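K.L.:
Residue numbering for the sequence shown is 17 to 250, as defined by this note's numbering.
Read the hints as simulated data drawn from the structure, not as lab findings. Owing to the predicted nature of the structure, the values given are computational and were not obtained by experimental measurement. Be a bit skeptical, because a hint or two may be false.
Here are the in silico distance ranges between beta carbons for each label pair [unchecked claim]:
1) GLU237 to GLN196: 33 to 43 angstroms
2) GLU84 to GLN197: 47 to 57 angstroms
3) ASP50 to PRO156: 39 to 49 angstroms
4) LYS164 to THR67: 34 to 44 angstroms
5) GLU84 to ASP50: 14 to 24 angstroms
6) LYS66 to GLN180: 16 to 26 angstroms
7) PRO156 to ILE104: 15 to 25 angstroms
Note that beta-carbon positions come from the ideal geometry of N, C-alpha and C, so glycine has one too.
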Amino acid sequence: VKDIRRITHTMSKQSRGSDGSLGSDFEEEHEDEDERRHRNRERNKEHARKTRVRKKEHLQRLKARVAELEEESNRLQQGIQECSVASILLGLSAGTAEGTGKQNDEIICSASSPSSNFGVYLVGGKRKRFMSLDGEDPTPPPMELNIKGQITLVGGPGNEGKAQVNWKTGVYIDEQEKRQQLTKSELEALRRERNRMHAKMTRDRKKCFIASLKRVISKLEDENQQLRETLEQS
């Protein structure tokens with residue numbers, strides 16, 4: 017009996033912490049798990065922040081490249097025009113203005129395909145900052161929302177989705193134009209889903225915008241190469 021009491025007392029002491037509290041090991045493990053989760057959240061937040069900074073810097077480099085190429089294009093076109101005027105004046109002084117004029121007209125025509133002023137579109141409000149530069153914007157589809165247990169189309173181009181939701185008051189008008197009042201929990205759930213879809217559409221627009229920047233850069237580089245060749249010929 018004494019041996020049993022001694023073993024029981026020893027086990028009881030082992031189950032206590034240094035301060036005599038029960039479950040100390042369990043609490044330490046729980047704290048370690050919480051600390052790991054906190055570290056993981058902080059690491060993920062820092063990784064997301066660095067990713068956003070990297071993407072923003074990439075976007076700024078593309079915009080700067082467009083502005084640089086447009087400035088070069090303007091310089092080249094101005095140089096071609098100046099050479100053309102100088103050639104015409106030389107032709108007049110030499111009495112060969114007619115032939116020189118025709119030749120320079122051909123040179124000017126070969127270089128008279130100036131690109132659009134894309135820099136204007138790069139400066140705009142919040143709603144215009146991710147608009148495609150070459151007119152290839154993706155058309156936002158209507159949102160598919162589960163309202164009152166039924167998948168309903170809301171919004172879209174040309175009011176494709178005939179249903180309407182007042183996001184402030186919670187008034188819902190279905191496709192049969194029947195007016196209903198959404199509960200607070202229903203409206204909050206729909207707002208979360210709408211915000212999630214809007215965030216995805218913004219990401220898609222941004223991807224399309226970056227792709228259009230790359231296409232514009234390629235186009236400007238080709239045009240500037242043609243202008244340089246024309247300037248060398250003149």
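K.L.:
If a hint holds in the structure, say so; if it doesn't, say that too.
P.N.:
Quick rundown of the hints versus the structure:
1. GLU237 to GLN196: 33 to 43 angstroms: Violated, at about 56 angstroms.
2. GLU84 to GLN197: 47 to 57 angstroms: Hint holds: Cβ distance 56 angstroms, inside 47 to 57 angstroms.
3. ASP50 to PRO156: 39 to 49 angstroms: holds (41 angstroms)
4. LYS164 to THR67: 34 to 44 angstroms: Holds - the Cβ-Cβ distance for LYS164 and THR67, about 38 angstroms, lies within 34 to 44 angstroms.
5. GLU84 to ASP50: 14 to 24 angstroms: violated (51 angstroms)
6. LYS66 to GLN180: 16 to 26 angstroms: Cβ of LYS66 to Cβ of GLN180: about 41 angstroms, so the range 16 to 26 angstroms is violated.
7. PRO156 to ILE104: 15 to 25 angstroms: Between PRO156 and ILE104, where Cβ atoms are some 53 angstroms apart, the hint is violated.
Checked against the numbered hints above, the structure violates hints 1, 5, 6, 7; every other hint is satisfied.
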